[in-house]
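Residue numbers (this note's numbering), protein chains in the order written: chain A, 0 to 341; chain B, 8 to 160.
None of these hints come from the bench; they were simulated from the model. By construction, the Cβ of each residue, glycine as well, lies at the ideal position given by its N, Cα and C atoms. There could be a bad hint or two in this list.
Unchecked claim - Coverage of chain B stretches by chain A, computed from C-beta distances (three or more under 8 Å per stretch; other residues unrestricted):
hint : region
1    : 12-25
2    : 40-49
3    : 59-68
4    : 118-125
5    : 136-146
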Amino acid sequence: MSEPKNPSTVSRRGFLKALGVSGAGLLVPSGAAMAQDGTPGPDDGELATLLDLSKCIGCGECVNACRESNAAKFPEPKKPFPDPIPSRRAKNEDWSEKRDVEDRLTPYNWLFIQTAEVEHKGEMLEINIPRRCMHCRNPPCANMCPFGAANKQQNGITRISDKLCMGGAKCRAVCPWHIPQRQSGVGLYLHLLPRLAGNGVMYKCDRCHQLVARGELPACIDVCPENVQTIGPRAEIIEQARKLAAETDGYIYGLEENGGTNTIYVSPAPFDKLDKALGKTKSKGKGRPHLQPVKDVMADETNLATATLLAPVAGIAAGMLGVGAALFGEEKNGPKEDGNER
Amino acid sequence: MKDRIVSPWLSRLFVATMTALAATGMMQMPLTRRYFITDIPGMAWTGDFFLVHKLHYIFAAVLLFLAALILTNWFRQWKDRIRLTAWGTTRAIILAGIILSGLLRVYRNLPGVTLHPDAILAIEWTHFGLVMVMGCVALAALISRQSAYVQKR
Numbered sequence: 000m001s002e003p004k005n006p007s008t009v010s011r012r013g014f015l016k017a018l019g020v021s022g023a024g025l026l027v028p029s030g031a032a033m034a035q036d037g038t039p040g041p042d043d044g045e046l047a048t049l050l051d052l053s054k055c056i057g058c059g060e061c062v063n064a065c066r067e068s069n070a071a072k073f074p075e076p077k078k079p080f081p082d083p084i085p086s087r088r089a090k091n092e093d094w095s096e097k098r099d100v101e102d103r104l105t106p107y108n109w110l111f112i113q114t115a116e117v118e119h120k121g122e123m124l125e126i127n128i129p130r131r132c133m134h135c136r137n138p139p140c141a142n143m144c145p146f147g148a149a150n151k152q153q154n155g156i157t158r159i160s161d162k163l164c165m166g167g168a169k170c171r172a173v174c175p176w177h178i179p180q181r182q183s184g185v186g187l188y189l190h191l192l193p194r195l196a197g198n199g200v201m202y203k204c205d206r207c208h209q210l211v212a213r214g215e216l217p218a219c220i221d222v223c224p225e226n227v228q229t230i231g232p233r234a235e236i237i238e239q240a241r242k243l244a245a246e247t248d249g250y251i252y253g254l255e256e257n258g259g260t261n262t263i264y265v266s267p268a269p270f271d272k273l274d275k276a277l278g279k280t281k282s283k284g285k286g287r288p289h290l291q292p293v294k295d296v297m298a299d300e301t302n303l304a305t306a307t308l309l310a311p312v313a314g315i316a317a318g319m320l321g322v323g324a325a326l327f328g329e330e331k332n333g334p335k336e337d338g339n340e341r
Numbered sequence: 008m009k010d011r012i013v014s015p016w017l018s019r020l021f022v023a024t025m026t027a028l029a030a031t032g033m034m035q036m037p038l039t040r041r042y043f044i045t046d047i048p049g050m051a052w053t054g055d056f057f058l059v060h061k062l063h064y065i066f067a068a069v070l071l072f073l074a075a076l077i078l079t080n081w082f083r084q085w086k087d088r089i090r091l092t093a094w095g096t097t098r099a100i101i102l103a104g105i106i107l108s109g110l111l112r113v114y115r116n117l118p119g120v121t122l123h124p125d126a127i128l129a130i131e132w133t134h135f136g137l138v139m140v141m142g143c144v145a146l147a148a149l150i151s152r153q154s155a156y157v158q159k160r
């Protein structure tokens, strides 16, 4: 935290916190390591995180803290799993025997660190990138879940309910970064048609919602010895990200991606270079998200929403213009009890 | 051949739109690839979640146009000449619920809109549940040979 918060835009609680955290920020140069003591409350609206990649040393403390903080949420499947039908197409996904995997996202590892070595401005840089859910502003995983199992909270956290998720993995397919990961053998589908529909539960970072609800920091932010991450109201985080990028001649990722996310990365090297470097070392692929530009995948739906508003207006206009008379069919002789209106 | 009070084209368009909505609605569930529907020549598009989602929006717009057109005509002229049958009234009420929950679904998907998880759940399952009920009622009306929505006064 380096920017003083504007008291007019935050709650009293947030303001008092800001005095404690950001007030100190006035005394130190921006970009210097500065620990946060808590997460702003719900009154502060959508929260975003800023990740200053120039600080990350790839120590993995955040990965361990994430596992510890969320251990109670991890799936405990009972075996044997139901054999999904058709077996040629529907496969069980089981990570319960591979809980120690740390080099990708799994149902038991919601945060991992990618490392990219790039040459930039004549200098070789090793950039460590903590990767987890981006917590999109308009998340397709939540919007397109057919069961209402995923949703975005007022504080910007996108969560998947392990009680409602059927494990169809549609969220993973529509997520631009394919973040959610499936564990078979758990969840609601077991009580419905376990062999015919559903296949487990999808898991991903929920930004330690239980801690954030208490005004505490997400585990990965709290434990970081380098203070790589900062959490705060989105507008302030964006301001900080832009300032940091300007001061360090850095690059921003997450601000425009998918229409804007609540995870903003600032890197000393361009993200296209980082993405290419990840590709070369096979650090990109299933469970290992890319760093490419992402268009707003819900933009067409947003535009089509206008069509659904205009359609009834057009219908009324057509009716008023006399289309009704043309639609009222000619009567024929015979029984009069038959006819279809719609 | 049945006598029709309103244009058969209106009936056909309504049935076609409802069928398309039911199909693209069901395709919101990730089942087409699992059950090899995407492997049928010409049906690969059913596995494109974004495409079927947009198609659902487009057909919903067509349905809204038709509903508004019919309601406008109903209140301008038709209500004096025709009336809803019992099966028609039942389906019209269900359809109103489907349209309302669908519109809330569209609203929920707008950027900047964040609804309570319980509200999302209620909207989602109301929409899905009413479509299921509509299918059953429509089938029952068809079987009992009383599928007409309206009859002459």
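Hints versus structure:
Residue count for the region 12-25 of chain B with a Cβ under 8 Å from a Cβ of chain A: 8. That meets the three needed, and the coverage hint holds. Counting residues of the region 40-49 of chain B whose beta carbon lies closer than 8 Å to any beta carbon of chain A gives 4, which reaches the threshold of three, so the coverage claim holds. Coverage of a stretch by a chain is defined here by at least three residues with a beta carbon nearer than 8 Å to that chain's beta carbons; for the region 59-68 of chain B and chain A the count is 6, and the condition holds. Check result for the region 118-125 of chain B against chain A: holds, 5 residues qualifying (beta carbon to beta carbon below 8 Å, three or more required).
Residues of the region 136-146 of chain B lying with their CB closer than 8 Å to a CB of chain A number 0, which falls below the three-residue condition for coverage.
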